[in-house]
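Counting in my numbering, the sequence shown runs from 1 upward without gaps.
Calculated from the structure, these hints are not laboratory results. Ideal Cβ placement from N, Cα and C applies to all residues, glycine included. Mixed in with the good hints there might be a few duds.
Estimated spans, in silico, between C-beta atoms of each pair [said to hold, decoys possible]:
| no. | residue 1 | residue 2 | range |
| --- | --- | --- | --- |
| 1 | 156 | 297 | 31 to 41 Å |
| 2 | 243 | 96 | 49 to 59 Å |
| 3 | 109 | 311 | 16 to 26 Å |
| 4 | 18 | 164 | 48 to 58 Å |
| 5 | 9 | 161 | 33 to 43 Å |
Heads up, simulated EDC-like pairs for lysine to aspartate or glutamate below, C-alpha to C-alpha not over 20 Å straight-line [claimed, not checked]:
| no. | residue 1 | residue 2 |
| --- | --- | --- |
| 6 | 39 | 291 |
| 7 | 168 | 250 |
| 8 | 39 | 399 |
| 9 | 14 | 398 |
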Amino acid sequence: MQTNTTGMSPERLKRLSARLSEYVERQEVAGVVAMVYRKGALAHCDVLGYQDVETREPMRRDSLFRIASMTKPITSVAAMMLIEEGRLLLDDPIARWMPEFDNPRVLRDPNGPLDDVYPAPRGITVRDLLLHRSGLAYPVTAQGALAEALFGFNAEVLPNGDPDAWLKQLGALPLMFEPGARWHYGFSTDVLGLLVGRVAGCSFEAFLRERIFEPLGMRDTRFGVRAQDSDRLTVGYVAGETRGQLIAHDHPERRVWNPGAFPSGGAGLVSTADDYMKFACLMIGSGRSGDTRLLSRHSVELMTTNFLTPEERATPFMGMPGFWAAQGFGLGVSVTDNVAFQATLGSAGRYGWPGAYGTMWLADPREDMACVLMVQLYWATQCRIAQHFQSLVYQAIDD
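Start from the sequences, fold in the hints, and give me the full structure.
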């Protein structure tokens, strides 16, 4: 690494490696792959710990991780590509391609019975899906009878079954809120991915492969894991009741991690740190990576503009009050716009979105920097590794 090229201090980056190593040694996480890319070059890479703490299988730079909701920004880029081609408009009603969402109905009470509904004032638009203002919920973000119905044909955040059958089931349920009324986390991006496929006339998986993954060289990113790659899939853990206790939540040898027929645009991709860094560099390059342009600068600027109202930002996210104090939300990514309330060091204008297994990424236009952190700790809200990662990256900037 050349400090004068990336502007990162080698001595200060040692603090980052040391702190990440402490998380592994305390067994708060099994292993880590962490990368920092700045000013057109890889500034730092840590590969620490294990894919499997039981077998002591070492972590690899090309280990595969369930990136969960880090799938969402990729899906959002796919939709923006169709908008740039004139095949979609932000305010197009999705029912034009998805009759499953003709004449949506809305619950009078989000916690009420499924038959106490009224007609939605308007249909769901492409913009609603990108902004999570569609009125769609996850089973874990719904309430009452709606949550029970959603759990009937879905996992917590992953859809199950044939995509067309799933859309029919989802469209038959009432919305939790009116389209456009408020931000609410749910299956919006899964529907968006299937919409991309219908508009493009191919499967969503094929669109991602041909239009994003192959042009960027993301050869290890896909829905599910091929048999020949199963030895690279990390074990997914949950934290036990005592510090340092990791319990296998999803194990490659006990369950073949494969979402099956459903290409979940909200949470279904598996990837590597290097692959996701290629996507992050596309974003930090304003839609261009090397000689490859997938999006215009104007699309990236729109995606990274906050759309949340003060009322929406005052609402807790997934039970976390203050989540929106320092950041808003654009078209598929969160955007830091109030550094006075952030929990870490960092610039205003940086953006990204994490995954439920503890993975995270950020892109910082001001610093010309992208960062990727890969761990596998499900619902890692009590683990502070992501906060330490961000702060220790920023303290190492030396120009």
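Okay, which hints does this one fail, numbers in order?
Numbers 5 and 7, in rising order.
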